[in-house]
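Assemble chain B onto chain A, guided by the hints.
Residue numbers (our numbering), protein chains in the order written: chain A, 1 to 862; chain B, 1001 to 1057.
By construction, these hints were calculated from the structure, which means they are not laboratory data. Keep in mind the model is a prediction, meaning the values are calculated, not measured. Note that the Cβ used here is the ideal one computed from N, Cα and C, for glycine as well. Treat the hints with care, since some could be wrong.
Claimed, not checked - Lysine to any residue pairs mimicking SDA-like chemistry, simulated, CA-CA at most 20 Å apart:
1. A:Lys291 <-> B:Phe1018
2. A:Lys291 <-> B:Asp1028
3. A:Lys291 <-> A:Pro835
4. A:Lys796 <-> A:Asp426
5. B:Lys1022 <-> A:Leu177
6. A:Lys291 <-> B:Phe1026
7. A:Lys115 <-> B:Phe1038
8. A:Lys291 <-> B:Gln1029
What the hints assert, rightly or not - Pulled a few chain A residues facing chain B out of the computed Cβ check, cut under 10 Å:
9. Leu54
10. Val107
11. Ser124
12. Val125
13. Asn126
14. Phe127
15. Trp178
16. Leu179
17. Gly182
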Amino acid sequence: MNSATVISSEICYHCGEDCTSETVHFDDKPFCCTGCKAAYQILDESGLCSYYDLDVNPGINLKNTKHRTRFDYLEDEEVISRISDFWDANKLSLTLYIPNIHCTSCVWLLENLQKLDSGVLQSSVNFLKRELSLLIDTEQTTLRDVVEQLVTIGYEPEIRFDKLDSQTQKSHQNRSLWLKMGVAGFAFGNIMLFSFPDYLDTTGSGLGGNFHIFFGAMNIILALPVLLYSSSDYLKSAFAALSQRGVNLDVPISIGIMALFGRSVYEIVTMTGTGYMDSFTGLIFFLLIGKLVQQKTFHRLSFDRDYRSYLPIAVNVLNESGDEYSVSLDKLEPNQQMRLRNQELVPCDAILLSEEVFMDYSFITGESEPVAVKKGERIFAGGRLTGNSALLRTEEKVANSYLTKLWNHETFQNNDKELKLTTFADRISPYFTVVVLGIAFFSGLYWLQTAGMEPALSVFTAVLIIACPCALALSTPFTLGSALNVLSLNGLFVKNHLLIENLSKATSIVFDKTGTLTESDSAEVIFFGDNLSAQEQTQVKSACQNSIHPLSRKVANYLTTVIARGSMNEVNKPRGNLPEMTTEHGQGDCFVDIKSSPNLTFEAPRKDDPVLLSNSEIPGKGIFAKMKGTKIHLGSRSFLIEKGDIHPENIPDANFNGSTVHLSINGQYRGFFGIKSRIRNGIPGLLHSIKEKFNTYLLSGDNDAQKSEFKNYLGTNGSLLFNKKPEEKLEFITQLQEKGEQVVMVGDGLNDAGALKKSDFGIALADDISSFAPACDAILEGNSLSKLHDFIDFSKASMKIIIASFVLSLLYNTIGLGFAITGHLSPLVAAILMPLSSISVMVFTFVTTRYFARKRGLMIWK
Amino acid sequence: MLIGFSLLVALIFLGLFFWAVKTGQFDDQHTPSMRVLFDDKKSTSKKSINNQKNQDE
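For reference, chain A alone in the conformation it holds in the complex:
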């Protein structure tokens, strides 16, 4: 194994990351970390290297997976049987959700899993759903082995609490729509064929009379399944609406359908004409295409997640003799002892049995700073443990915990927000129906007086036929479907196309702070003060790198990067003497003020560090490190005054928006590290343009440390609210709505879940759209937040397009009515007019949505 470590700027062969700090070489290929190298080795040994041929650097970066999830619970037979689709003697079939699936290579590798583990009998990927279906021979391998194998090559499946007993329901409702469309298309094509002689030959001379009867009979036989099967949804919906004394768009459509079919059968049976069966089947065919467009959803995204998809599926519990075993969450009882490790979630309210831990509640409450919890204190469900492993005693069952209480709020009980959604078409359909029936009735009456019963009936039905709002019914799904595509290309994934209307009506926009306007897992570190030599940088780094305190870890991370960069080339130097940079951390690694630091146990210093003679940390104050000839004090201002013997006058007031860590070396004050959560790119610009047109609010669960900063962007004082509990956020949205505002809420955490649900359009922000997001109406990619204003403008334009396409389709209806009232509606005219109107509406909506999207600077092609 010829692996060597050098510093370079190569690109990792496995994952395509820049190899910043150290590069591992293997087989003449650079890797950014040992994880990537290991994955390559596994694939190389199994002859699976075409993984790298299908896509460039397809691998998943394995650098940041420090804490490996434990899969003990996958040996528990009960858990296995509850998450699998099918399990008998030695065959196990199950479906895993793997968010990391992202390219052709992923599909190829996962479908060749049997080369890695011969116990895998069958594996197939559904790319859009990010799902892997497995069939495993349990005599040759275990589920746990397979899952751990997946983790080492970078495809960690997400197995959450809600997977228990949720038999993967294969969606079959979509299939029936395909079948209905198939039947309609089949009948449409064949009837067109049979009707063709009639189009060309209106006199009927060239055709034998028998053929006429035969074609007529065939038309009826072909049209019957279309009426009974394909159009059943429309007829049922219209009937349901009428029986509730309402009128939706399906009512005039159904009237049109019935009129078309009835008239055609009448004409064929009485041999007075050829009927409109071609128009009838074509109409249903186009309507069903519209419905299929409407059904397009984003399979890989879940919009209706609750706390159960946030929690793990099982937890490690200790029995009386102290042995650990895993228990699925719903079996977890009060008064059990459980052990949690770094970065694991607390599944239910519990009492801490260990001395002291840090809990990161940022996702639950929006607080950006982890909280120190002492022995005997209560820990709330949903918190993420940071630091050493801890022992806890459960207090409540999972279903009775604090976290779950929010979901018992009434907002989560009713789902009427979506039921209330009506299209513009539905709203005008009562008037439409009345007008059409009126015209049909009066023109029928006119013909009755002038020409008698026969032509009167014919005109009456002709009006009903031609006024059938087929194009009208298509305009909404096609416009919004097209808008949905444009938005998703730009990073906004809307749950349901009808919700776009809610977005277009927005009057108020409410933002969450932590994780929404600021980046949750990335902090900005700037050093203010005198130049630090390379040696001093290394010394300070080694002084703080053993601390698990979030602030010192950020400083250490920052210095590591500075040292790595500094030795390569001189980086440009802003304000401080050290280059500005951003430290990236794993999820949940938020920063705390140094005041809440715990007493820490240190690991032995690493060999390549400067010799640490002694290193002590005063909880909540700072670190004192003694090295050969050097003493370093690092911590709060008061710590340096008390312990570092620095005169208060020598320490300048840190005029900084965020946390500060002061540094003195050998009794000399050297400056401070300023650390603050970073505001996302483009946010100031967005807030500036949005506050001009909308009422803009900041609603944060965090403290008001950054208040003055956001005040600059937002202007008025009243729109900044801090220290809000989840319930208060929800209440705030309700108050706005009571004032008649249409509220768009942008948030990211579970603490925003209530507000997102209550608002008219709740947007969950996610840096990784496949990761957990609370229940919402749309998921927005983190870096697309700056385009929010364009999205709203575009949704407004879409609503105008719908109205324009309505006018277009009404134009066709009017032309058709002209033919109908004058008694000239031949089957040929109907057969041309109906598909023409549908197709032109489709083309019109497609072209105009793309045009308006482009005008707003949104991407329209991939």
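Coordinates of chain B only, in the frame set by chain A:
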């Protein structure tokens, strides 16, 4: 006679369409388009072809 035959052919196609839908061929319309690019060769070759085809979003 030919009309009946043409209808029969059309019915066979309709039946095939039903079979295709029922066996789930319309459930996932994206993954098969990626699968078609895979070769069956047992590749251990070290050459890396910059195959950008069908690169997804």
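Violated hints - listed by number, lowest first: No hint contradicted; all consistent.
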